[in-house]
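Order-wise, the sequence lines are chains L and S.
First residue of the first sequence: 2, per the numbering used here; consecutive thereafter.
First residue of the second sequence: 5, per the numbering used here; consecutive thereafter.
Mixed in with the good hints, there may be bad ones.
Said to hold, decoys possible - Here are some, though not all, of the chain L residues that point toward chain S, as calculated from beta-carbon distances under 7 Å:
id, residue
1, His8
2, His44
3, Leu45
4, Phe105
5, Gly108
6, Gln110
7, Lys112
Said to hold, decoys possible - Beyond 12 Å from chain L on every Cβ pair, some chain S residues (computed):
id, residue
8, Pro12
9, Val23
10, Gln28
11, Leu31
12, Asn34
13, Gln45
14, Glu48
15, Asp60
16, Pro74
17, Thr77
18, Pro88
19, Ser100
20, Thr111
21, Thr119
Claimed, not checked - In silico DSS-like pairs for lysine-lysine, Cα to Cα no more than 27 Å straight-line:
id, chain 1, residue 1, chain 2, residue 2
22, S, Lys66, L, Lys102
23, L, Lys70, L, Lys102
24, L, Lys102, S, Lys82
25, L, Lys59, L, Lys70
26, L, Lys102, L, Lys50
27, L, Lys62, L, Lys50
These aren't lab readings, by the way, just hints derived from the structure by calculation.
Virtual Cβ for every residue (Gly too), placed ideally from N, Cα, C.
Listed below are the residues making up each chain.
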Amino acid sequence: AQSVSQHNHHVILSEAASLELGCNYSYGGTVNLFWYVQYPGQHLQLLLKYFSGDPLVKGIKGFEAEFIKSKFSFNLRKPSVQWSDTAEYFCAVNPPGGGNKLTFGTGTQLKVEL
Amino acid sequence: DARVTQTPRHKVTEMGQEVTMRCQPILGHNTVFWYRQTMMQGLELLAYFRNRAPLDDSGMPKDRFSAEMPDATLATLKIQPSEPRDSAVYFCASGSDGDGVGDYGYTFGSGTRLTVV
Numbered sequence: 002a003q004s005v006s007q008h009n010h011h012v013i014l015s016e017a018a019s020l021e022l023g024c025n026y027s028y029g030g031t032v033n034l035f036w037y038v039q040y041p042g043q044h045l046q047l048l049l050k051y052f053s054g055d056p057l058v059k060g061i062k063g064f065e066a067e068f069i070k071s072k073f074s075f076n077l078r079k080p081s082v083q084w085s086d087t088a089e090y091f092c093a094v095n096p097p098g099g100g101n102k103l104t105f106g107t108g109t110q111l112k113v114e115l
Numbered sequence: 005d006a007r008v009t010q011t012p013r014h015k016v017t018e019m020g021q022e023v024t025m026r027c028q029p030i031l032g033h034n035t036v037f038w039y040r041q042t043m044m045q046g047l048e049l050l051a052y053f054r055n056r057a058p059l060d061d062s063g064m065p066k067d068r069f070s071a072e073m074p075d076a077t078l079a080t081l082k083i084q085p086s087e088p089r090d091s092a093v094y095f096c097a098s099g100s101d102g103d104g105v106g107d108y109g110y111t112f113g114s115g116t117r118l119t120v121v
């Protein structure tokens with residue numbers, strides 16, 4: 002079945018460490034890609050999105066993601082994490098012919114320790 | 005900031021009772037989604053409306069769940085009868101796909117945390 006995979010379910014980092022969260026999808030054709038963040042007890046918020054153009058996308062709060070079409074990947078990165086980045090991160094794909102529908106990955110729980 | 009408003013924020017109900025969750029999408033948005041979030045299943049799409057018409061409700065258990073948009077400012081998700089396994093956080097989201105090119109990515113509400121005992 003076509004899907005979105007986030008292989009890291011739990012990540013623990015120290016403040017100032019670099020972050021990379023993996024996201025792979027299995028849809029062919031043109032896709033739109035997103036990363037959402039969910040802080041504890043809150044709703045999902047859009048971090049960044051990729052539709053076309055420069056495959057390196059910059060989002061809010063210092064996050065960026067790189068679309069690598071040949072690898073079907075859209076990994077999220079941040080050079081130096083902060084304690085306030087502790088949250089759950091969801092990759093999502095708008096597949097071809099999916100209208101506005103998004104399919105979400107299972108999420109990666111990030112904990113940043115002081 | 006424009007926001008998606010969901011009510012109630014929390015709901016505790018007994019098994020067998022009817023539950024209605026409401027969502028007010030952002031004014032001007034023409035697509036509305038209902039998602040259910042659980043620890044085990046993550047985020048599951050339950051229903052998807054465009055211009056108030058249901059486009060996809062394949063993720064919704066039809067025997068007990070129903071979703072409607074009586075008007076452009078209100079979407080409802082109803083469970084009747086509710087069961088303990090329905091306990092989850094239910095999120096509504098709205099977006100705009102304009103002329104079809106679209107903005108995609110949408111705005112989530114704060115969710116309704118449902119507990120069925």
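Taking the hints in turn, this is what the structure says about them:
Checking His8 of chain L against chain S: minimum C-beta separation of about 14 Å lies over 7 Å; hint violated. Proximity of His44 of chain L to chain S holds as hinted, the smallest CB-CB distance being about 4 Å (cut-off 7 Å). About 4 Å separates the beta-carbon of Leu45 of chain L from the nearest beta-carbon of chain S, less than 7 Å, and the hint is met. The interface hint given for Phe105 of chain L holds, since its Cβ lies 4 Å from the closest Cβ of chain S, which is under the 7 Å cut-off.
Because the beta carbon of Gly108 of chain L sits about 6 Å from the nearest beta carbon in chain S, less than 7 Å, this interface hint is met. A cut of 7 Å between beta carbons decides the hint on Gln110 of chain L: the least distance to chain S is about 11 Å, and the hint is violated. Annotation: interface hint on Lys112 of chain L violated; nearest CB of chain S at approximately 16 Å, more than 7 Å. Pro12 of chain S, annotated as away from the interface, keeps every beta carbon of chain L farther than 12 Å; the closest lies near 15 Å.
Non-interface call for Val23 of chain S relative to chain L: holds, since the shortest CB-CB distance, roughly 19 Å, exceeds 12 Å. The Cβ of Gln28 of chain S sits about 14 Å from the closest Cβ of chain L, beyond the 12 Å cut-off, so the non-interface label holds. Remark: the non-interface label on Leu31 of chain S is consistent with the geometry, its nearest Cβ contact in chain L lying 17 Å away (cut-off 12 Å). For Asn34 of chain S, the non-interface assignment is contradicted: its Cβ lies about 9 Å from the closest Cβ of chain L, within the 12 Å cut-off.
With 12 Å as the threshold on Cβ separation, the claim that Gln45 of chain S sits away from chain L is violated: the shortest Cβ distance comes to roughly 9 Å. Look at Glu48 of chain S: its CB is around 8 Å from the nearest CB on chain L, not clear of 12 Å, so calling it non-interface is violated. Non-interface status of Asp60 of chain S relative to chain L is broken: a Cβ of that chain comes within 12 Å, the nearest being about 6 Å off. With a least CB separation of 21 Å from chain L, Pro74 of chain S remains clear of the 12 Å interface cut-off, as annotated.
Separation of Thr77 of chain S from chain L is adequate, the least Cβ-Cβ distance of about 19 Å exceeding the 12 Å criterion. Every C-beta of chain L lies more than 12 Å from that of Pro88 of chain S, the closest at about 22 Å, which supports listing it as non-interface. With a cut of 12 Å on Cβ distances, Ser100 of chain S falls inside the contact zone with chain L, its closest approach being about 8 Å. Its beta-carbon lying about 8 Å from the closest one in chain L, Thr111 of chain S breaks the requirement of being farther than 12 Å from that chain.
Residue-level check passed: Thr119 of chain S sits 15 Å from the nearest beta carbon of chain L, beyond 12 Å. Restraint check for Lys66 of chain S and Lys102 of chain L: satisfied, since their Cα atoms lie roughly 19 Å apart, inside the 27 Å limit. Between Lys70 of chain L and Lys102 of chain L the CA atoms are separated by roughly 21 Å; this keeps the pair inside 27 Å, and the hint holds. A C-alpha spacing of about 21 Å is found between Lys102 of chain L and Lys82 of chain S, which places the hinted pair at or below 27 Å, so the restraint holds.
The suggested pairing of Lys59 of chain L with Lys70 of chain L holds, with an alpha-carbon distance near 17 Å, which does not exceed 27 Å. A C-alpha spacing of about 14 Å is found between Lys102 of chain L and Lys50 of chain L, which places the hinted pair at or below 27 Å, so the restraint holds. For the suggested pair Lys62 of chain L and Lys50 of chain L, the alpha carbons sit about 14 Å apart, so the restraint of at most 27 Å is met.
In the structure shown, a violation is registered for the earlier hints numbered 1, 6, 7, 12, 13, 14, 15, 19, 20, in ascending order.
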